[in-house]
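Undergrad: The residues making up each chain are set out below.
Number of protein chains: 2
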Amino acid sequence: MHDIKTWKHIFKLDPAKSLNDDDLRRICMSGTDAIMIGGTDNITENNISQLMHRINNYSIPLVLEISNVESVIPGFDLYFIPTVLNSSDVKYHNGMLLQALKTYGHLIDFSEVVFEGYVVLNPDCKVAKVTRANTNLTDEDIEAYAQMVNDMYRLPVMYVEYSGTYGETGMVKAAADMLTETQLFYGGGISTYEEAHAMATIADTIIVGNIIYEDMDKALKTVEIKETHK
Amino acid sequence: MHDIKTWKHIFKLDPAKSLNDDDLRRICMSGTDAIMIGGTDNITENNISQLMHRINNYSIPLVLEISNVESVIPGFDLYFIPTVLNSSDVKYHNGMLLQALKTYGHLIDFSEVVFEGYVVLNPDCKVAKVTRANTNLTDEDIEAYAQMVNDMYRLPVMYVEYSGTYGETGMVKAAADMLTETQLFYGGGISTYEEAHAMATIADTIIVGNIIYEDMDKALKTVEIKETHK
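These protein sequence lines are chains A and B, in that order.
The letter at position 166 of the first sequence is residue 166 when you use this note's numbering, and the numbering goes up by one with no holes.
The letter at position 126 of the second sequence is residue 126 when you use this note's numbering, and the numbering goes up by one with no holes.
With the rest of the complex left out, here is chain A (with noise of 0.2 angstroms):
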């Protein structure tokens, strides 16, 4: 069992799109703890599972972020199934997972299961849109969120999405704040050492994604965290 919670520094690489075998080399040699492979659009069981056999030559541990039912394939080290806190669709509550359960449920071992808060702020994101998500959030909203999952719901993870766009530190504080169990993922428009400084600060564990495509030595750059956040 990998304990995500000395985790720092994740890569989330998006199955849609090219990685040649250097770069993926560097990206799993980097020192970052864990690789997260999901993504909104164009997920099929192919491409995961492309990505997935190339990975598991390397000895990182590898995650599953599950998007959808139809593209959860075995073979991961750890599945992340998010629950999306801030949708107006009870598809993204507990919708999608209910038709998880009923096609899964008896093949799971949850023991290799990481049940995710998700808040999105982006308005203008992907997941935002599909999600139907209510992005027109305060501070104390933020709070509120997180009490929810620290102490009601007690999930071992909140996450703030600021997918493609790089957020407000104050509202990432303030879920920071209300957390005492619960382990806090900050992820969105990480692009350069200071930012992922910044949120590593306040977060316990940042999530890089886009700039692995855009400029893969700032995206290596960024997991030097490590050694500032011990």
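It should be emphasised that the hints constitute simulated quantities derived from the structure, not laboratory data.
Take these hints with a grain of salt, some might be off.
Identical chains blur together in the list; that is why a pair holds if it fits in one copy or across any two.
As the list claims (entries may be wrong) - Straight-line distance between alpha carbons at most 27 angstroms, and here's what the computed BS3-like set of lysine-lysine pairs gives:
hint	residue 1	residue 2
1	K129	K91
2	K126	K91
3	K173	K102
4	K102	K218
5	K102	K91
6	K226	K8
7	K8	K91
8	K173	K218
9	K102	K230
Once you have looked at the hints, place chain B on chain A.
TA: Quick look at chain B alone, frame taken from chain A:
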């Protein structure tokens, strides 16, 4: 702290209905494990408060099941907060909870709070209509909800609610069979000792409500399941 795990029998009182002092004394002295105040219609701070003060003359554990944010009042031993897992309206998943936490979050002692995962199964009951619950569920749905509550949300309580009608024991058993950690509450239509006994054989805790207002002797008789289900 009350150990609700030991509770086999709960009387649920509706603050919108009247009960004379003698009947209230008989309920409080019946040997039931706790009294829960809750309802759907005409629940006000005033009628909850009055009933609470009358019951506080007895030593029985007293719980408020919160049905709206406006009628939360201090003075109870425990607060049960429902999340309706098969509601089609996010308000009854976590929407009301968000408002409650924004209003009262800083005041809440979470050691006094129990989060209940409700599945509402009687399509004709008020709570099903208010929450727009999808009550057309199969055994497989109930199993998936139970797994969701037990293994994903890890809620302390799953509440199978047939409000106003006696449920199908097969459905209740489908839930019970999936629960290893979560405590199973059954409520709905229990009006005889035999019905209480049948459900207490399957569920951890039975909730007896309406019959109190229809036939006090029969209601009190249901408490005898505590002798046969130790």
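Undergrad: Next, verify each hint and record whether it holds.
TA: Against the structure, the hints:
Both within a single protomer and between protomers do K129 and K91 lie at most 27 angstroms apart by alpha-carbon distance, with minima of 13 angstroms and 19 angstroms respectively. For the homomeric pair K126 and K91, the shortest alpha-carbon distances inside one copy (16 angstroms) and between copies (23 angstroms) are both at most 27 angstroms. Taking identical chains as interchangeable, the C-alpha atoms of K173 and K102 lie at most 27 angstroms apart only when they sit on different chains, with a minimum of 17 angstroms there against 37 angstroms within one chain. Taking the shortest Cα distances, K102 and K218 never come within 27 angstroms of each other, neither inside one copy (42 angstroms) nor across copies (39 angstroms).
Taking the closest pair of Cα atoms, K102 and K91 come within 27 angstroms of each other both inside a single copy (14 angstroms) and across two copies (24 angstroms). Proximity of K226 to K8 under the C-alpha cut-off of 27 angstroms is restricted to the intra-copy arrangement: shortest distance 6 angstroms within a copy versus 51 angstroms between copies. In this assembly of identical chains, K8 and K91 lie within 27 angstroms of each other by CA distance neither inside one copy nor across copies; the values are 30 angstroms within and 34 angstroms between. In the homo-oligomer, the alpha carbons of K173 and K218 lie at most 27 angstroms apart inside one protomer (25 angstroms), although the nearest pairing across protomers, at 56 angstroms, exceeds that limit.
Within a single copy, K102 and K230 get their C-alpha atoms no closer than 41 angstroms, and across copies no closer than 33 angstroms, so neither meets the 27 angstroms cut-off.
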